[in-house]
Structure formats: C-alpha cells, structure tokens
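Colleague: Dock chains B, C and D against the given chain A, drawing on the hints supplied.
Residue numbers (numbering that gives the first Met the number 0), protein chains in the order written: chain A, 0 to 418; chain B, 0 to 349; chain C, 0 to 262; chain D, 0 to 294.
Because the hints were derived from the structure by calculation, they are not lab data.
A portion of the hints provided could be inaccurate.
[Said to hold, decoys possible] DMTMM-like cross-link-like pairs, simulated, lysine to aspartate or glutamate; straight-line CA separation at most 20 Å: (1) K93/B <-> E137/A; (2) K72/A <-> D352/A; (3) K103/A <-> D286/B; (4) K259/A <-> D1/D; (5) K27/C <-> E64/C; (6) K255/B <-> D89/A.
[As the list claims (entries may be wrong)] Cβ-Cβ distance ranges computed for the label pairs, FRET-style: (7) M214/B <-> L260/D: 43 to 53 Å; (8) R196/B <-> E189/C: 53 to 63 Å; (9) Y342/B <-> L15/C: 17 to 27 Å.
[As the list claims (entries may be wrong)] Quick partial rundown of chain B residues pointing at chain A, CB under 10 Å, derived from the structure: (10) S47; (11) E256; (12) A294.
Owing to the predicted nature of the structure, the values given are computational and were not obtained by experimental measurement.
Heads up, the beta-carbon is just placed ideally off N, CA and C, and yes, glycines get one too.
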Amino acid sequence: MKNRIKLVGLVLVCLLVLPLLLACAKAPSATPAATEKVITVGYLNDLSGAISCCGIADQVGLKNYLQYIQDEKRIPGVKFDVVSWDDRYDVSRVAAGYRYLLDKGVNLIVTMAVHQSETMRPMAVADKMLILGYNTSELNIADPIWCFTQQPLTENANASFFNWVTQNWDYQKTGRKPVVAEINWDNSMGKAGAKGAEAYCKSLPDKLDWKGTIVVPPGTMDFSQPALQLNQWGCDYVFSTMVNGPTTNLMKEKNARGYKFQVCTGGWGFVCFKQSKDVGGKDIDGLYWISAEGWHTDGTAGLKLADTICRRYNSASDIEKLGYLENICYNFGLVFGMEVEFLVKGAISAGLDPTNSEVLRGQATKMKIDPQGLYPPMTWSNAKGSGVDKLRMYQIKLVNGVPEPALITDWFDVTKYKK
Amino acid sequence: MAMIPGDFSQSYERDIAIFRTKTQWVVMVIGLAIMLTFPLFMSNYWLSLFNFIFVTVIAVLGLHLVTGLCGQISLGQSALMCVGAYTVGVLSVKFGISVWACLPLAGLVTGLIGMIFGAPALRVKEFYLAMSTLAAQFIIVWVVSHLEEWTGGQLGMYVPPATIGGFSSASPSNLFYIGFILTIVMIAVAKNIQRTRVGRAFIAIRDNDIAAEVMGINLFRYKLLAFFIGCFFAGIAGWMWAMYLQNINPSQFTLKESLWMLGMVIVGGMGSTTGAVMGAVFVRGLDMIADYASAWAGTVFPTIGEQAFTAFSLIIFGLVIVIFLIYEPRGLYHRWELFKASYRLHPYAY
Amino acid sequence: MLNVNNIEVMFHGSILVLSGVSLQVADKQMVALLGANGAGKTTTLKAIAGMLHVEDGKVTHGSIEFDGRRIEKLTVEEIARLGIALAMEGRPILEHLNAEENLLVGSYIKREGANIKKDLDMVYGYFPRLKDLRKNTGGYLSGGEQQMLVVGRCLMMHPKLMLLDEPSLGLSPLLMREVFDIVDRIHREEGTAFLIVEQNAMLALAFTEYGYVMENGKVVLDGVSEKLRANEDVREFYLGLSEVGNKKSYREVKHYKRRKRWL
Amino acid sequence: MDKIISLIILGVMVGGIYSLIALGFVFIYKSSKILNLAHGQFLMFFAYVTYTLISQAHLPFVAAVIIVLVLSALVGVFVERFTIRPLMGQSILATIIMTFALGFIVEGIVILISKGYYASLPAFLPTGMWKLGAINISHQYLAILVLTLLLFAACMWFYQGSRAGLAMRAVAEDHITTASTGISVAQTFRLSWVIACLLAVISGLLLSSLYDVHIDLAGYGIAKGLPVILLGGLESMGGALVGGLIVGLAEMFGAGYIDPLVGGGFREVVPFILMVLILMVKPYGIFGLVKIERV
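Just chain A, with the same shape it has in the complex:
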C-alpha cells in the first residue's frame, strides 16, 4: 500500500515536472540537408468540428499542392513541411494552436475563418509571424498588416450575391421586387455577412425587398422555426452564410415541408458538394463561389488543375469517399499552396531568406506573383486594395459528376454602395 502510494506520487510529480523538463529541452528544429531549405507551413483550421468539411479538404489541397511543387521541382532546393492544428471551430483553442505551431517552428500560418486570424493577430504582430487567411474583417486587416486574405470581406461577398439577384431578377415578368433574406450563424462570420447584406439591400429599396437576417446559434441542428419564418416572409432567395453542414439541415427542413424559397450558399460559405448531394440529391439549390479580384480569375483552369493534382496524390477510394473533387475547399487549399509558392519564389529570386517570416510578409505586400500560366499577373491586395472589395461570382454545377463553374456576375465593386 505504502509503496503504491509512493509510486503514484512519484509519477504525479514527474508528470508535473515534465513540462518544465520539456521547456528546458531545445525546441525541435528541423535539420535541413545542407542544400535544402525547409519551409514549414503551419495550418490552423477546423478538422473535426462544425466546418470540418471545409478544413479537411482545404488541408489536403494545401499538402497536395506543396508536394506537387516539390515533385515537379518548381522551386529547386526548397522542401515544404505542413504542421497542422485542429481548433475544432472553438476560438478558445486558437491561441493554444498558435503557440503550438510557433513551437514547431513554422514560417507562416495558413488559416481559414476570420475569428481565427483575428485571435492570432496581436500575437502574430508581436512575434512577426505571417498569417494567410481565407476571409477577413476590416479590423483584421488594419495596420500593421500581418494577416493577408485570399477572399473578400464576408460582407462584400454577401452583398455581391444580392447584386447578382438584382441583375437576374425578371422585374417585368414577375411585376414585383424579389424578396430576400439572410440566415446566419451567430458568430463573427455570420454577423459580418448580415451587416454587408443589410447595408447593400437597404441601399436599393426599389430593387430588393429585404426581410432581414435570421441568426441561429452555432451548433443549431433544428431549423424548423427559421425555415417557417423564411417561408412566411415569402422569400425568393435566402443567402446562408453558414457552412455546408447546417445549410444542408436547413435544406432538408425546407424540402421536407415543401417550402418554396431558394437557399444559396457561397462566398466563403463553403461549397461541399458531397454532403449537399447526400442531403439534397439533385435539388441542390445553388452553390455560389464568389472570389475576390485577382484570384480565381479563371475558375475553370483552377478546377482542372485540382483534378490533375487530386488524382495524382489521392487514392480513388478517398476521392470518392471524401469527395475532394466535389469540394471547392480542395481548390482553395491549392490556392493557399500557390500563395506559398509565390511568396517563397519571390523571396528566393530577390536573394532573401525564404524561411524568414518578415521576408515573406514583405513579398506578400509588394511582390508581383509569377503566374506560371495559371493566373494572370496580379498584386497582393494590399489589404484594403481592390482585392477585398471587387468581386465576381460563379455558379457551380455538376457536369458528368465534375463540378464546373460558370461565371454569372463579372466584377462588381462593392465600395460603390458603401457610404
């Protein structure tokens, strides 16, 4: 008895002391071969929580693309390594994740949602760490900029959707304005989307009949009341700034009750075809992909490349089971990979050290990116540049099982509607 107590006590003390011992040990640093530089990319996103359908495909895309660069020797002498952290869509885990990635010696961090980059921003500024985000808020891209964005501000994305509605609504034939509304998660993404949509729709009272935003807590499963409300409003179009999971629940509810409104999701509300198909079958209402100026100018080419890379690095059963090809987020992951490629290439061609986060940030703010024939030359949106305000929109349709984007709205400058 006595010995057991002692033993357990010792083990406990050891457990408590272990962090201290670990602290004294050197942080594990990757030892690159003499000629090779290793760029460690930190990936912080949701891999198992509410938006996992996006995070997983995105991560696979990023990894595949970096592997592709390496295999094709597009940047000689540079190896890539990806370290991931799963934040389970829980903001309280983001700070821990940031620390973890930093400890793993990452050179830059790729992330997704706005709350993730926002939480990391003060620390990133202090540590001089470059963050590539997917979408952003105005607060996030205030000076000093350490967070860069791939996509429009959420509010702009939503505004551009309603812009599309005004362009395509047949006012003569119907003899009325389209009735529109939004349904959002009660979090940063949802609130930003609602703000943009409301500002836009209210600026065009003669073109849109804006009914308002329904806010549901993240994690909500039951959409019976929101669906009923949307139906009672008599909505024609409903834009959902929720990721695909909850949106499919809303669509299930809508289809089960035979409501008439059309649910559309897009912008950075992800396009996870696989799940939508599982739920809605052929009745997928509308999946829209809204991109900022400078990125995805030709979505078709991007999807074609995604097809090649995906088939090269993933087994057919995985592609089928997890539906990477049917998930636009896979494509977004590729774009992150391209961003990394552009930054590193730029740094090397300027004769700078690509493992230095500050150098990469410098490249991000001013570099011309070599498109390699995929994308036309463009500049990194200097945060408040046109990139986040000027948008175009594609509609994604499945053609023979392969998603094909069709351009439906060309450049649309959201700033025009802002006061």
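Modeller: Then chains B, C and D, alone, in the frame of chain A:
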C-alpha cells in the same frame, strides 16, 4: 496535515499557519525565485503557456472558493471571465480608463454580476443551482455579443496592452511577470480567505447549510459573498485573459471551459487552495502533453488519417482524467498529502 | 445457526475495532448484544452483514459462519440473500419511496410473485398503522412509524436471522415497548431468530433469551438473559440499579470497579 | 394567427425531440444521481456507428440497428464497470467530471471513425406532411413525437410498475440500505447504464433522421438536454416530457417574436431565462423530488 513525528503545533496560530517550518519557507522562496528567471531563457511559446496557466489558476481559485469551500456549484466561471475581459475592453477602449485601473474594476464588476447569478443560491441547491449558473454562462455571452456598440459583438474587440513607461504587457515575457505576481497575490488571498472567519463560515455552509444557519451564520450574506469573491477572481482572470490574447471575442468563453474549470477543482482536490492550483496546472499541462503525444502518435500511425491528431489528443486527455479519477477520486492534493506523509515516515509503515 | 468465531475487525488497515468477539445465535433464538457507546456492537452487526467494506474496514481474523457456511468474505447482498436481514441504526428508510414501496423493496429477492401480497398483509397485520400510511412518502413518517417500516421491510425478506440495531433509538418509552412487543410476536409467530443491539438493557434483556455484553471491542460477559439481569455489574452499569426496585445515584458508581472486574 | 398555431405545433414537435434527449439524462440521474455529461457524445457515437455499418459494411438498416443496440448494451456494461463503479461512494462531482472526460474519449473515437465528416442516415421514417392551410405538419416530426411518447410511457411503466424499476429507485435513495435487502447495487447500476445507452441509440437514430450526424450533435445534446431536465426536475420523467415541451414552445416563441426585436440568437437563452425564473419559484424543478431535510 501530517507533521514530522514528535513535532506538534503548540498554538492555534501555528496550526493554521501556511508555512509551518522554516524549510517550507526556504523551498517556497527558492522555487519562486527560479520561476522568476524563466523569461530569461524560455521561448515565447513556454512563456505564453505559463501565462495561459496563470489565467486558469486565478479563475480556478475563484471557483475553488465558491464550489470547493462554500459548496455552491458554479458552471459559469468562463462566462464571468468574459465579463472581466469585456470590462477591461470597454472601459479602456470606450472610456479611455487606464488598463491598470481596470484591473480592480474588472474584479468588482464581475463580482457584482456574479452576485446577481449567485442570488438564487439561497433557494436553489445542488445541481439546480449549477443550472442557474449555467444560465449565466449562456445569458452573459449572449448579452455581450449583442451589445454591439460597446463590445463589437461577435466580431470581438482589441484590448490595448497594459503599459508603464517602456514596459508593455504585449510581450509574453513582460506579461509573465505581471501574471506571476498576480497569481501569487491571488493564491495568497485565497489561502487567507480560507483561514479567516469568512472561510470557516463557507466551510460550515458547504457541510450543512441548515446547521450553519442555526449556528448563526447569515446564509444569504455568506453565499452572496462567496459568489462575489469567486467572481472577483474570475474578473481578475478575465483581465489577464484580455492581456494575454489582446483580442477578445464572446465565443472564446465556452461552456466547455467552465466545465473544465470545475473539473480542475475536482482533479486538484475539493476544498484545498493548493489542490486548485495543482488541478489547473495538471489539466492544462495534460492538455498540452496530449497534443504533443497525439502529434507523435499521428506520425507513428499515419494511415489513420489527418484527424488522428485531434482524435488521439481527445482520447489521451480523456483517458488520463478517467484513469486518474478512478485511482484518486479525492484529487491530486489528497495524493500529495499521502505522498508527503509516507515520505516523512519512511522507512516506517505507520 | 450464526456462529461468530473470535473475529478481529480493522478499519483503514490500522485501527483495531473488534478483537476476539465470539457469539452464537441458535435457531429461533432471541439474543441481545449490550454495551456502552463505542463498545463495538454496531461494528459486530456490520461485520455479520458484510457492510464493513463501506467504511474501509474488514475482518482480519476469525470467522463468521451462518448455517455452516463462511460468510465473512461475502458481499452485503449475498449475505442478505442467505437470510440475514439487518435493520441499521438511525431508521434507514428510503425517503422518497412511499411506505408500501419501502416494504416491496424488501421482497425483491423473493422470486414468487403471488406471495408478495400475502407478505404485505402479514406486515400490515403486525403494523396496522402502516396500512393506513401506505401511500405516504417514507421521509415524512414519524420516527416510530419509520422504525416499524424498517422492521417490516426486514420481515418481507423472510429472514432466518434478523439483526436489529438500536430499534428504540429516539423513540418514546411507550413506542419502544410497542416495537419490542411486535418483535416478540414476530419471533414467536414467524420463528425468526433475532440479534438485537440495544442501549436499553433492561428492555432488551426482558425480551431475549440470551445476552452478550461488549466493552472496548470485546465480549466481556455472556449468559442467559435472566442471569444477566441478575448480574450485579450489569445491574449497576446498564440498569442503574443496585437493589431491585431502588434507583442508584450515578455519583456513587465506582468506575474503577468496571476495570478491575472485566479486564 | 397562423403564425401562432404554426409556432405552437413546431414547439410541441421540437419539444418532443428535446424530451427525447432529456430522457437519457433523467434515466441515469434517477438511478444513480449522476448527471451523465457524456450522453450527447453517446447519441452521436451510436448514430455514427449505425451510419458506418450501413455505408461501409453495407448492412441493411434493421441489421445495423440491431447490431448497434447490442453494442450499446455492451458499452453500457463496460462504462458502468470501469468508470462508474470504481467511483461509488466518492463525491458525485468527481463522477460527473468522470462522465465529462468519458465524453472526450467517445468524441475522439467518433473522430477516428468519421474523420471529421458529416454523415447522413437514410430516411427510415415516413416523409411527407399534412397541409392545413398555411400550417403543415411533417410526418417525420409526428412519427418522432409518437415514438417519444411511447418511449416515455415504457420508461415510466418500467420505473413505477416493474421490480427492476423499484430496485433502481431504491438504489438511488441509499446504496447500503438497498443492498442490505438483497438487491445488488452493482447489477442495478449496470442495468440502468445499459438502458441509458439503449435510449441513447434510439434518440440518436431519431435525431439523425432529422439532422446530419456530426460532432455538433454532442454539444446539442448537452445544451438542449440540461435545461429541459432542470425545468422538469432531475428525477422526473414526466418532468422531462413537460420540460421539453416548455423549452420547445419557449424557444419557438422567443425566436418568432423576440428575436426580431433584439437582433437574433435569443432562442438560445430563452430556456435559460425561463429556467432561472422557474427555479426561483420551484427550487427542485417543476416535478423534481423535494429533498427531505431533517437536522
């Protein structure tokens, strides 16, 4: 508390003293001095981990006073931290009050709000009380996220760092010193509350509140006081949290965190200040170790897939807590006491 | 039937509570176990009923036999199924269950469904008051009613041996008498053996056939109840009488005598 | 008017689902005074396993459900034996934290199985609806409501009318006293965990016929289950039913009428505000057992 055989406490003061021997003092001072040198050689990673642990320790100490000492189960500690954090944010950003001045204010405001949610404690007991504090968790976060003009709502707000001259809490090493001092002060306060009249009244209420009332303890007053003090701690922790992240967002304060804080009190050992500190350090440390262990496990079994990381980290974390509770349901502190006792008595069995 | 053979009980692996306790209860016999507070009476009962492990205690020496079977290692419910029913001290009724459900809990180990009704009637026969209170919540019954309920619940088990721990605790003298009368009736009519722990030695000895006196974890005296009642020391310490009928002032009790005599 | 009636109907239907979730909590609480914080995870786990059996092993739905029911009974036995029984006699809070940690393990296992992906079970309940003017009643919700009521009736009968139920109530009151009457406490515990796991399977399946199965289901179980049982009273099945309906209705009306005024999300806090108000008047929930205190 077991002492060296033959050495007895001969006065009441000595019996309730925190440090009863000179050795304890010396060990304590040396330990603290060593901790103070951490920023000299540790990386920012470890320092900010410590800062995170400081936040947790302060909040858990508050919960320890409410739940461990006074027996009022509270599931809203994380939300009350939210109140503290937003008090700093709103007062410093909207009203231009110095961040330092916000430190006591955060505690006071949180304490007062905590009293509102603690008020049902007079009528409501046990789990039902837990639920009125659970309501606090949801209501506070909802209110904060809807006072958009002040708090920025779900978009969150940035909080300026605390500065004196050139000293700014923005760097993890400076924040480490602030957090360190704050934690020591809060531990001392908690430990001393426990030793006073108030602390003894709390314990009486925990053990049998009807009997305590009969003995002349004003239940309402003391229960409210317990909530005030506990939430004051949460407010201080909230201040520290705001300094630690500098970006506060209502969704950072989750129910899961609140539940874990209760878990830390249990894992540490109910009713002991040292236990509360041990529990906070243990659970946070374990969380981190589980992450590292699962990253390793992920490289050993790469075929499992990308989610092995999360899955293993959850499983390892849960498993250690489960096994720990099976073998020591009375908490770390109890085990620590047994260990000390058997160590002192070595080589004699009894 | 029950043979407690020189048992030693230790708590927390270090605190010796009983040492060398031996007692026997024969078939259909009524036995009293007397002693001062802390003498180890309740612990003895708990050892027999297998409840020591709850308080981190165990029988470290000696044996307990029931119907020729060693039972000191069995669990509480196994012992209960052998036919030993323990009515613990402090009237442990199940508070939120009503009186009848409390009784039904006692019949749980019996498999035949039809007899339960008969058993209930039997218990109501002994305790007519319970029949009126049968839908009342147990926790709100009065002390005497709760005691009846406990005894009734044990009765539902049809035990061969019933262990009663302080059935008279906190009851008025009148109720005390009533409880003992009923116990006596049960003993006569059902043929149940009883081992009764009691502070009220006079009452207990009046109803039982044999008695044991415990002190400091040992059985110090035993004998036929009649003789014990006549025993000078028992009279002095437990009955508070020096001569028949005359009350004795406690001030005159010589405490050393106890030590001299019994150790 | 249509709106009110629609909201009432929705409230009752959704409330039925909440009651269904709460039933699992109440069952464990009634027999062992433990608040099983892992119930949400169990719901999700069994739904996932069913999905995996159907989609990966290509089993027919009924076979998959039978396998999962058997599995859940084993899980119940296992959980009781290795996590709950060692803590018998210890602080209840320790046991609750234990179930909380258990939830983490179950969540981890689910992530291992699901790899973070959503699952959608095939529809096994009647689809379609009745239209009464602007109001419509979905067959699926109705079927779930009916099944919930049947499940409640079965559980109530089990508790009030069966011998095992009586044993469970006795064990909940006092382990030692109950053991001294020959009832095996361990067996009773095991039975109650097995039944709770079976309930988790049934409610998990019913929930996943309405919604996608994913990690959020666990949190949903806790967030909706707890206010319901506290409103109704922790020990009362009838309370869980009534509490579920109250929460469902309150949420619907909160969302329908108050949300537009305060900017959304009010639905989430309505049950908690209601809960605090009701607890002030009835400290042990609407139908909860009042603690009998004698000093």
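Colleague: Evaluate each hint against the coordinates.
Modeller: How the hints compare with the structure:
1. K93/B <-> E137/A: Satisfied, since the Cα-Cα distance of roughly 19 Å is no more than 20 Å.
2. K72/A <-> D352/A: Judged against 20 Å, a Cα distance of about 18 Å means the pair holds.
3. K103/A <-> D286/B: At roughly 17 Å apart (the allowed maximum being 20 Å), D286/B and K103/A satisfy the hint.
4. K259/A <-> D1/D: holds, 18 Å
5. K27/C <-> E64/C: holds, 16 Å
6. K255/B <-> D89/A: With Cα atoms ~10 Å apart, K255/B and D89/A stay inside 20 Å; holds.
7. M214/B <-> L260/D: 43 to 53 Å: Because 49 Å falls inside the window, the suggested range holds.
8. R196/B <-> E189/C: 53 to 63 Å: holds, 57 Å
9. Y342/B <-> L15/C: 17 to 27 Å: holds, 26 Å
10. S47: holds, 5 Å
11. E256: holds, 6 Å
12. A294: holds, 8 Å
Figure legend: structure checked against the earlier numbered hints; every hint is met.
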